[in-house]
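Visitor: The hints should help you fit chain E onto chain V, whose structure is shown.
Protein chains: 2
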Amino acid sequence: MEPGTARIAVDLLGGDDAPAVVVDGALRAVRADPDLHLLLVGPAEVADELIAALDPVQRVRITVRPVRDAVGMADHPSAARAESTVRAAVTAVHDGIADALVSAGATGATVTAAVLGLGRWPEVRQPALVATLPAVTGPVVLLDVGGSLEPRPATLARHAVLGAAYAEVAHAVPEPRVGLLSVGTEAGKGDRVRRATDPLLAIEPLPGGARYVGLVEGYDVAVGARADVVVTDGFTGNVLLKAIEGAYAMAGGPPVGGGAPRAAALLGVAGTVVVCHGAARADDVASGIALAAHLWRRRAIDLVSALLEGGDATDRTDRSTDTEVRTS
Amino acid sequence: MEPGTARIAVDLLGGDDAPAVVVDGALRAVRADPDLHLLLVGPAEVADELIAALDPVQRVRITVRPVRDAVGMADHPSAARAESTVRAAVTAVHDGIADALVSAGATGATVTAAVLGLGRWPEVRQPALVATLPAVTGPVVLLDVGGSLEPRPATLARHAVLGAAYAEVAHAVPEPRVGLLSVGTEAGKGDRVRRATDPLLAIEPLPGGARYVGLVEGYDVAVGARADVVVTDGFTGNVLLKAIEGAYAMAGGPPVGGGAPRAAALLGVAGTVVVCHGAARADDVASGIALAAHLWRRRAIDLVSALLEGGDATDRTDRSTDTEVRTS
Chain V
1 MEPGTARIAV
11 DLLGGDDAPA
21 VVVDGALRAV
31 RADPDLHLLL
41 VGPAEVADEL
51 IAALDPVQRV
61 RITVRPVRDA
71 VGMADHPSAA
81 RAESTVRAAV
91 TAVHDGIADA
101 LVSAGATGAT
111 VTAAVLGLGR
121 WPEVRQPALV
131 ATLPAVTGPV
141 VLLDVGGSLE
151 PRPATLARHA
161 VLGAAYAEVA
171 HAVPEPRVGL
181 LSVGTEAGKG
191 DRVRRATDPL
201 LAIEPLPGGA
211 RYVGLVEGYD
221 VAVGARADVV
231 VTDGFTGNVL
241 LKAIEGAYAM
251 AGGPPVGGGA
261 PRAAALLGVA
271 GTVVVCHGAA
281 RADDVASGIA
291 LAAHLWRRRA
301 IDLVSALLEG
311 GDATDRTDRS
321 TDTEVRTS
Chain E
1 MEPGTARIAV
11 DLLGGDDAPA
21 VVVDGALRAV
31 RADPDLHLLL
41 VGPAEVADEL
51 IAALDPVQRV
61 RITVRPVRDA
71 VGMADHPSAA
81 RAESTVRAAV
91 TAVHDGIADA
101 LVSAGATGAT
111 VTAAVLGLGR
121 WPEVRQPALV
131 ATLPAVTGPV
141 VLLDVGGSLE
151 PRPATLARHA
161 VLGAAYAEVA
171 HAVPEPRVGL
181 LSVGTEAGKG
191 DRVRRATDPL
201 LAIEPLPGGA
211 RYVGLVEGYD
221 VAVGARADVV
231 VTDGFTGNVL
241 LKAIEGAYAM
251 AGGPPVGGGA
261 PRAAALLGVA
271 GTVVVCHGAA
281 RADDVASGIA
291 LAAHLWRRRA
301 IDLVSALLEG
311 GDATDRTDRS
321 TDTEVRTS
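Top to bottom, those sequences are chains V and E. One point on numbering: in full-length UniProt numbering, the residue at position 149 of the first sequence is 149, and numbering is uninterrupted. One point on numbering: in full-length UniProt numbering, the residue at position 233 of the second sequence is 233, and numbering is uninterrupted.
Looking at chain V on its own, in the form it has when it is part of the complex (with noise of 0.2 Å):
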């Protein structure tokens, strides 16, 4: 673990079973962490009883902070209350009371509202998911899945310089191997998309020493020999993550090294956002917690906004509403 000070914001309606699974993941990840803080954002009422429950050793590393839009919000939409706490949660964020996010509530809920909240990087149209699978030779980095659904081929061109910037500052994978993809390996394999995107990655300028593969398979996702970084549609990504999910469960448990993972980071934002699995369990959420955690101290997120097209990361910001980020 990197040494330093991490304050994270969680979102307490997040996730099919949230609050109970939340804290527990919370209470899990800050014993897990001596260096971490949290603050646990929800609802007055969900806040208030986890205050009392609270015993005063926790209190000093677990914060807990009412969202005031969500007073009298008992009678609304369960939605509506969640998106409620998680635009609190961004609020923090961007207030710099915390470092970085995790929620495991809906993805375009969470994805909009750090948008909104934080900034959208200008280079970059559609944020990205980004999950890091253990493979056989290093972490496979896959992205997208789930941010952007229907990306345009100009957009997965830009979510592998992001991948393979990701690659580099987060799991210092030295000159990742960048693959599209496909349902075959040789050129003009895939749907429409690839076939226009194959072209546009083979002349993408990739930052650091990052070179582009070609086309991939499914079967190199989970295996990873042929590349460190996979790019595919934010559909096809969650699906497959899932996918091997469910195969790991068939067949007995995750390998060695680890299943697939519960928690993605989101590229594209001016901030630390990670999104767990919305059947997320305590541990999946303590893992998304110590994923934010990592990723801050790291400055995954500056430095790979850095990567991208020099400049700093803080002045680009976009916080237009023109975004093309859609709900899932």
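These aren't lab readings, by the way, just hints derived from the structure by calculation. This one's a predicted model, so the numbers in the text were calculated from it and none came from an experiment. Incorrect hints may appear among the rest.
Part of the chain E face toward chain V, derived, beta carbon under 8 Å [claimed, not checked]:
#, residue
1, Ala20
2, Leu50
3, Leu149
4, Gly184
5, Asp191
6, Leu200
7, Ile203
8, Asn238
9, Val239
10, Ile244
11, Met250
12, Gly278
So, partial list: chain V residues that the calculated Cβ filter (under 7 Å) puts toward chain E [claimed, not checked]:
#, residue
13, Thr5
14, Gly218
15, Glu245
Heads up, the beta-carbon is just placed ideally off N, CA and C, and yes, glycines get one too.
Guide: Leaving out everything else, chain E in the frame of chain V:
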């Protein structure tokens, strides 16, 4: 194994390691199935060499058929030679010399040859490749795995009907539950194609006692508890299937019930056609041959056709070249 002779035409040039693994797979298949007869179809020089190598016992059940078109094609690109071979194998099925066809060649070329040579069912605009995965509560039928990469919603709805009929006929699944693959299970999740297909499937009449259960996720393809038939586009299905294969390789081997299949049945043409993984090994070719024999002995293709809209499949073929088949 069902009783009855099955005569299977095998494309000697199909697959990355053809003809060696194809011949090896063919020999394994005849050893495993005493009622199997094979017609190995390939260019004259490959055929001659193979005939010379067969012993008298093998010659009783293995016939080698030189492709006349391929004579003198040694200078042609290998893809053109392979297409000539698969066309000759299709012709053998059309002419009643063989009952079914197996190829590990390029999927697009095989599908096109089958549509042109055997005829497409008029109610199926785009044929589908169907793979069956062993799961916890029984087989899961996944389609499409590479036949039509960019189907319209109406095609996906049609494939749901094909998949349900196939699950009943080929795998004796009673009242199959049909799911549409997406990025979440709540209605409205997914890209435009999925959001348009979900309401179509809710009203699509399904054969037998099949019923639509709504959206399912990647996890459900390998595990199978929520649906017996999973419908998706050929791009997603292909990468998904190969991802599950990769996950099993990472996990140290497939589960007890079996791994990801490397052979798929083609539905939508008037004949029994099985497509093997391009990187097929000898045992994959052998299991593709066994699948073709199984489908023929059950008269599965005719029964699926009969379940569609009534009538006799052999009178309803459409050899129109106005097909939407895409090479992948």
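Visitor: Could you run down the list of hints and mark each one as holding or not?
Guide: Now for the hints, and whether the structure bears them out:
1. Ala20: violated, 20 Å
2. Leu50: At about 27 Å, which exceeds the 8 Å cut-off, the nearest Cβ of chain V leaves the hint on Leu50 of chain E violated.
3. Leu149: holds, 4 Å
4. Gly184: holds, 7 Å
5. Asp191: Interface hint status for Asp191 of chain E: holds (4 Å vs cutoff 8 Å).
6. Leu200: violated, 18 Å
7. Ile203: violated, 24 Å
8. Asn238: Since the shortest Cβ distance to chain V is 4 Å, the answer is holds.
9. Val239: holds, 4 Å
10. Ile244: holds, 4 Å
11. Met250: The hint holds - Met250 of chain E has a Cβ within 8 Å of chain V, the shortest such distance being about 5 Å.
12. Gly278: holds, 7 Å
13. Thr5: Interface hint status for Thr5 of chain V: violated (35 Å vs cutoff 7 Å).
14. Gly218: holds, 3 Å
15. Glu245: Holds, because the Cβ-Cβ distance from Glu245 of chain V to chain E comes to roughly 6 Å (cut-off 7 Å).
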